[in-house]
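Colleague: Since the structure of chain C is provided, determine the placement of chain X on it from the hints.
Taken in order, these protein sequences are the chains called C and X.
Numbering-wise, this note's numbering puts 1269 at position 202 of the first sequence, and it's gapless, one number per residue.
Numbering-wise, this note's numbering puts 1137 at position 70 of the second sequence, and it's gapless, one number per residue.
In case anyone wonders, no lab produced these hints; they're calculated from the structure.
Glycine included, C-beta positions come from ideal geometry on N, C-alpha and C.
Hints are not guaranteed to be accurate.
[Stated by the list, open to error] The following label-pair restraints were derived from C-beta to C-beta distances:
id, chain 1, residue 1, chain 2, residue 2, range
1, X, S1091, C, K1154, 45 to 55 Å
2, C, S1204, X, I1284, 44 to 54 Å
3, X, G1225, C, F1279, 19 to 29 Å
2 protein chains.
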Amino acid sequence: MTRPKILVTNDDSVDAPGIRKLISIMRKLGDVIVVAPDKPQSGMGHAITVASPLRLKKICIEENYEEYSCNGTPVDCVKLAEKAIIKGKPDLIVSGINHGSNASVNVVYSGTIAAALEGCIEGVNSIGFSLDDYSWSADFSHVDEYIEKICKEVLQKGLPEYTCLNVNLPVNKGSQINGIKICRQARARWDEAFDARKDPHNQDYYWLTGVFYSDDIAEDTDQWALKNNYIAIVPLHFDLTAHHNLKTISSYDWNI
Amino acid sequence: MTRPKILVTNDDSVDAPGIRKLISIMRKLGDVIVVAPDKPQSGMGHAITVASPLRLKKICIEENYEEYSCNGTPVDCVKLAEKAIIKGKPDLIVSGINHGSNASVNVVYSGTIAAALEGCIEGVNSIGFSLDDYSWSADFSHVDEYIEKICKEVLQKGLPEYTCLNVNLPVNKGSQINGIKICRQARARWDEAFDARKDPHNQDYYWLTGVFYSDDIAEDTDQWALKNNYIAIVPLHFDLTAHHNLKTISSYDWNI
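This is chain C alone, in the form it adopts within the complex (with noise of 0.2 Å):
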């Protein structure tokens, strides 16, 4: 049997605890070849570089394995993984462990998420994974076995057209975790507040912060599924269309 081919990439750059922790789960299920963000780019969206040039360098190259970090974002990582390095399709992209949640309406402002989308709209099986704890200390101690099945699973049976994985773990409650549950994303968004402060010149500059507020807690969310120590999986897709929407909007007046 062939090994299966998987590009492992993140948004919290190439050496991050969490992408070293995928890496290793990784290398046992395949061929893995990395390329990854040589710094942070989290909270970078689906963005991609157009106006300035990306650059590849090369970590290490070892049997049924290579690694490169790349000054753009985890989408330009993608990208660029298939058509300078593979020069072809990955059987499997899987994108994380991101530090911290991409629960919810977190999926929209998500690097790691972003790279796993860019997959699916390539026709590629894709995974982004995030752990549930910001810290870069954050404890993946207990993901291992969970990683390994969901990957094995979508390496197996594959995944529905335009459709990647967005799994979410919980943090290391010291218990055994519940279990995998399939879910919708929750309404969730982000208040956020700008620390203002003046610099050494006098002059304004502003800090963006928030704080998350959710009240959708249905048991069929991935906040929920989070919060009571189960692993959460939302299949996602590309298509933006408010397709419940699409009547009320003809309903309007568009006569000129």
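Modeller: Same frame as chain C, now just chain X:
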């Protein structure tokens, strides 16, 4: 009657002809606040700036009109406008007019559309406008009455909860536009190529290029509408859950 408060932004930068056109139309409809990027932010998707400070530059303050440039992304502009300038919600957010189509999968990469989506996450009626012409000297002379009509209709009737509009305008074909069509997002993708070069220090670098492929040209798509000289309106939402695949994904073996 109080005049509505309208926030205008874009991703091509505050000095782009497209936003200048949009500002001129909006000033007829309400009190206008412009907060737009100080440099091109195309392809920035839903990126936000978390690791560096944001700055605002006052460009113009007149009665019923304020204009600022910002060093952040289009989504930063929306957040900062609401929190640091308006200190509340505007009645309408309009983004664009983008130089280039944001039909089909382009919604995922577009900073223009991300700004509108950000508005709808925050519960504000929001519309992204794009012209199917990438040129800086694109002809915007044929779109005024349509943009005015669309904004008036949205100001009067509002939009369904968590829904914004993605409006794509056809190029000026010299003949009257055929009208407005409510559409779904066409399935399409970019097939990227990377132009690999050597810099003067003999180091490799890559330019992202690409060709757009669409084999989904059904009559209910935004791509079809644009090609047939209609204005395409797609209602968008930010729930990326592939609801139609929840059952399939649930049927996989997720037991450890």
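Colleague: Does the Cβ distance between X/S1091 and C/K1154 fall inside 45 to 55 Å?
Modeller: holds (48 Å)
Colleague: A range of 19 to 29 Å was offered for this pair. Does it hold for the Cβ distance of X/G1225 and C/F1279?
Modeller: holds (26 Å)
Colleague: Are C/S1204 and X/I1284 spaced within 44 to 54 Å by their CB atoms?
Modeller: holds (51 Å)
Checked against the numbered hints listed earlier, the structure breaks none of them; every hint is satisfied.
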